[in-house]
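Enquirer: Listed in order, the protein sequences are those of chains A and B. Everything in the first sequence is counted per our numbering, starting at -13 for the first residue and increasing by one. Everything in the second sequence is counted per our numbering, starting at -13 for the first residue and increasing by one.
There's no promise every hint is true.
Said to hold, decoys possible - Below, computed lysine to any residue pairings styled on SDA-like, alpha-carbon distance capped at 20 Å:
| id | chain 1 | residue 1 | chain 2 | residue 2 |
| --- | --- | --- | --- | --- |
| 1 | A | LYS57 | A | GLN84 |
| 2 | B | LYS6 | A | LYS57 |
| 3 | B | LYS83 | A | GLN33 |
| 4 | B | LYS83 | A | ALA3 |
| 5 | A | LYS57 | A | VAL44 |
| 6 | B | LYS6 | A | LYS61 |
| 7 | B | LYS76 | B | ARG39 |
| 8 | B | LYS57 | B | GLU86 |
| 9 | A | LYS83 | B | LYS57 |
| 10 | A | LYS83 | B | GLN84 |
| 11 | B | LYS6 | A | GLY10 |
| 12 | A | LYS6 | B | GLN84 |
| 13 | A | LYS6 | B | LYS57 |
| 14 | A | LYS6 | A | LYS61 |
| 15 | A | LYS57 | A | LYS83 |
| 16 | A | LYS83 | A | HIS66 |
| 17 | A | LYS6 | B | GLU62 |
| 18 | A | LYS76 | B | GLN84 |
| 19 | B | LYS6 | A | ASN28 |
| 20 | A | LYS6 | A | ARG32 |
| 21 | A | LYS6 | B | LEU42 |
| 22 | B | LYS6 | A | THR41 |
| 23 | A | LYS83 | B | GLU51 |
| 24 | B | LYS57 | B | GLN33 |
| 25 | A | LYS61 | A | ARG26 |
| 26 | B | LYS6 | B | VAL44 |
| 27 | B | LYS83 | A | PHE81 |
Rather than coming from a laboratory, the hints here were simulated on the basis of the structure.
Given next are the chains, with one letter for each unit.
Number of protein chains: 2
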Amino acid sequence: MTTKRAMGKNETCPAQAILKQLSGKWKPEIFRLAVDGSLRFNSLLRQIEGANRQTLSVALRELEEVGLLQKVVIKEKPLHIEYYLTENGKTLIPFFKQLENLK
Amino acid sequence: MTTKRAMGKNETCPAQAILKQLSGKWKPEIFRLAVDGSLRFNSLLRQIEGANRQTLSVALRELEEVGLLQKVVIKEKPLHIEYYLTENGKTLIPFFKQLENLK
DNA sequence: TTTAGTAGTCATAAAAAAGTGACTTATTGG
DNA sequence: CCAATAAGTCACTTTTTTATGACTACTAAA
Chain A
-13 MTTKRAMGKN
-3 ETCPAQAILK
7 QLSGKWKPEI
17 FRLAVDGSLR
27 FNSLLRQIEG
37 ANRQTLSVAL
47 RELEEVGLLQ
57 KVVIKEKPLH
67 IEYYLTENGK
77 TLIPFFKQLE
87 NLK
Chain B
-13 MTTKRAMGKN
-3 ETCPAQAILK
7 QLSGKWKPEI
17 FRLAVDGSLR
27 FNSLLRQIEG
37 ANRQTLSVAL
47 RELEEVGLLQ
57 KVVIKEKPLH
67 IEYYLTENGK
77 TLIPFFKQLE
87 NLK
């Protein structure tokens, strides 16, 4: 039997952790765009108006670090990079989609 | 027929909005505690170690402003105040609970 | 009316996050 | 080798969030 005990003082709960990982000025928007498909750096820069290279760069790196996004280098005409949701990140899609339909 | 169109450039999507509302150093934790029941100010101050009055005060006010928490003054022995999830806030509980069981 | 307990605010300081503009790296195609 | 394009980094500034410590407001009970 799996005992379901309350979360202790400082054991971070997974839901709380995910909220923190998506915390920030641009991460929610980046995540929304990621749910819609792959992301290129410059494409994001254009889509997310108000954001800038540095900020975006940092946000993407952090989302990568916590394992929500993965970076793929595409060696084509003009080489570019795409960011995708990881398998882990994809598990959040249904929640995100359902949140859409709340209010 | 309800046409389901893609989210335009700057129409904020609800899920994105909710993530932003819960963004910050302490809001995810406050929200987690709120899911578990009511919250008193000093009780929070004790539970959330690292946080302080001012910061907590601001976070609670903001959560109140976006309509996730509501404040109730209890005129008893030592008067105190409780914060509860609003009806609106409660609609998020199932999502939060499910997130728990992900990873 | 004084005191104790709770829940704050205020002015200010420190720390963290975001923004700027110039510069760098990597790759492909000519 | 050279130019063009994409994706950054770097040093630094500005803005936003958090933190500190002292102080205030409200209520109930003594």
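Enquirer: Run every hint past the structure and note whether it holds.
Expert: Hint check results:
no., hint, in the structure
1, LYS57/A - GLN84/A, "26 Å, violated"
2, LYS6/B - LYS57/A, "24 Å, violated"
3, LYS83/B - GLN33/A, "32 Å, violated"
4, LYS83/B - ALA3/A, "13 Å, holds"
5, LYS57/A - VAL44/A, "13 Å, holds"
6, LYS6/B - LYS61/A, "35 Å, violated"
7, LYS76/B - ARG39/B, "25 Å, violated"
8, LYS57/B - GLU86/B, "26 Å, violated"
9, LYS83/A - LYS57/B, "30 Å, violated"
10, LYS83/A - GLN84/B, "14 Å, holds"
11, LYS6/B - GLY10/A, "7 Å, holds"
12, LYS6/A - GLN84/B, "16 Å, holds"
13, LYS6/A - LYS57/B, "24 Å, violated"
14, LYS6/A - LYS61/A, "33 Å, violated"
15, LYS57/A - LYS83/A, "23 Å, violated"
16, LYS83/A - HIS66/A, "29 Å, violated"
17, LYS6/A - GLU62/B, "36 Å, violated"
18, LYS76/A - GLN84/B, "15 Å, holds"
19, LYS6/B - ASN28/A, "23 Å, violated"
20, LYS6/A - ARG32/A, "26 Å, violated"
21, LYS6/A - LEU42/B, "16 Å, holds"
22, LYS6/B - THR41/A, "16 Å, holds"
23, LYS83/A - GLU51/B, "24 Å, violated"
24, LYS57/B - GLN33/B, "19 Å, holds"
25, LYS61/A - ARG26/A, "13 Å, holds"
26, LYS6/B - VAL44/B, "15 Å, holds"
27, LYS83/B - PHE81/A, "11 Å, holds"
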